[in-house]
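Generate the whole structure from the sequences, applying the supplied hints.
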Amino acid sequence: MDEMGNYTLHRNFQLQFLRYKNLQLVIFISVLWMYLFTLCANLVIIILVCLVPQLHTPMYFFLSNLSVQDIIYVTAILPKLIDITLTGDNRISYTGCITQMFLFLFCATVEFFLLTFMAFDRYVAICIPMRYCIIIKKSLCVSLAAVSWLIAAPYSMMYCWLVSKLIFCGDQKINHFFCEVKSLLEISCSNTKHIRILINVIGLLFGALPFVLILTSYACIISSVLKISSTECKLKVFSSCFSHITVVVLFCGTSISLYFKPDSPNSQEKDKLLSLVYVAITPLLNPLVYSLRNKDITNASKRIFNLCFSGRPLP
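When we follow our numbering, the leftmost residue of the sequence shown carries the number 1, and every step to the right adds one.
What the hints contain is simulated information worked out from the structure, not anything from laboratory work.
All C-beta atoms in this analysis are idealised placements derived from N, C-alpha and C, irrespective of residue type, glycine included.
Among the hints, a few may not be true.
[Stated by the list, open to error] The list that follows gives simulated cross-link-like pairs (lysine-lysine, DSS-like), each with its CA atoms no further than 25 Å apart:
| hint | residue 1 | residue 2 |
| --- | --- | --- |
| 1 | K302 | K236 |
| 2 | K138 | K295 |
| 3 | K234 | K295 |
| 4 | K193 | K261 |
| 5 | K193 | K182 |
| 6 | K173 | K234 |
| 7 | K165 | K182 |
| 8 | K165 | K193 |
| 9 | K270 | K182 |
| 10 | K182 | K295 |
[What the hints assert, rightly or not] Each pair of labels, with its calculated beta carbon distance range:
| hint | residue 1 | residue 2 | range |
| --- | --- | --- | --- |
| 11 | C133 | N22 | 54 to 60 Å |
| 12 | S223 | F305 | 36 to 42 Å |
| 13 | L209 | F305 | 23 to 29 Å |
| 14 | G170 | K302 | 23 to 29 Å |
| 15 | K234 | I202 | 36 to 42 Å |
| 16 | T57 | S243 | 17 to 23 Å |
| 17 | M158 | S257 | 21 to 27 Å |
| 18 | I135 | K270 | 42 to 48 Å |
Printed below as a string of structure tokens:
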């Protein structure tokens, strides 16, 4: 640890969760359940997409990428939150904090991109189905997925490098349950104006812009579906669109609003609870909304189950 008076270059941090101790047990049980379910559900999706040829489609290719991202995302944050609520040990090492921040930024950026590409895939499939096979090729899907991961990595590393150059002061208490960028900037003695400006600029490019593109895609889908004469088809598409938009708004809306809203000491406790929406709840909802309720996934599950326990696949 390097110290300069009251200033610290490298030191352990303390994460600060809720002040209301009576909620700790409820949150521990809830977060543990959400973490385990998210892990299991996404692992099932990844295994099914890999093993079942019928799921080797663009949509499920993107969904399997989303599942990988969700597993990394929740594993980077929730185990430490579970530990805090169970044992009260809120310490996190400097290296652990920077690593957690990198994984959070990395996965959040990947998710914004993947949700955008998935919305585009649905737009082409519903609005211009005759050109779907021409536009949505395997090479395009691989390229789009690669772009998601490859852009997110240097972007996240850049933030970590900038934060690693900061000097921290005081008692090193981060007013959050994980190493969130803005919370780290608040305890720094260095000039963080350039980082805050960068957060707003890149937040617009990698957060607000994808959100607008997603909503535009679904608006076009809804407009196209309204022209269909079949009421049954309309209801089916509207049901899917509504659930997809709900998850998108929960993830994108809460994360964007929390990052762009002015800092206020009076709302910090509420902000930490709202952070649980995009850190724990949306990763839980993603497999439920996008995959597990789909007939293709259900049939694939039956096929694998039948193969494992009876030795012969379903016809």
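Inset, instruction - Take a quick look at whether K173 and K234 sit within 25 Å of each other, Cα to Cα. - result: violated, 52 Å
Inset, instruction - Look at the Cβ atoms of M158 and S257 and judge whether their distance stays inside 21 to 27 Å. - result: With a Cβ separation near 23 Å, M158 and S257 satisfy 21 to 27 Å, so the hint holds.
Legend entry - Restraint check for K193 with K182, where alpha carbons must lie at most 25 Å apart: holds, 11 Å
Legend entry - CB-CB spacing for K270 and I135 relative to the 42 to 48 Å hint: holds, 43 Å
Legend entry - Distance restraint hint 17 to 23 Å, applied to the beta-carbon atoms of T57 and S243: Taking Cβ atoms as reference, T57 and S243 lie about 19 Å apart, which means the hint holds.
Inset, instruction - Would you check the hint for K138 and K295, treating anything up to 25 Å between C-alpha atoms as holding? - result: Between K138 and K295 the Cα gap is close to 22 Å, so the pair holds against 25 Å.
Legend entry - Proposed proximity, K182 with K165 (alpha carbon, max 25 Å): Roughly 15 Å between the alpha carbons, so the hint for K165 and K182 holds.
Legend entry - Pairwise hint evaluation, K295 against K182, where the allowed Cα distance is 25 Å at most: violated, 42 Å
Inset, instruction - Assess, step by step, whether the Cα of K193 is no farther than 25 Å from the Cα of K261, and give holds or violated. - result: Roughly 16 Å separates the two Cα atoms, so the pair holds.
Legend entry - K165 paired with K193 [C-alpha distance capped at 25 Å]: With a Cα-Cα distance of about 14 Å, the restraint between K165 and K193 holds, given a limit of 25 Å.
Inset, instruction - Starting from the hint 36 to 42 Å, judge whether the C-beta atoms of S223 and F305 obey it. - result: At 40 Å between Cβs, range holds.
Inset, instruction - Sort out whether K295 lies within 25 Å of K234, counting only the CA atoms. - result: holds, 18 Å
Consistency with the previously given hints fails for numbers 6, 10, 13 and 14, ordered from lowest to highest.
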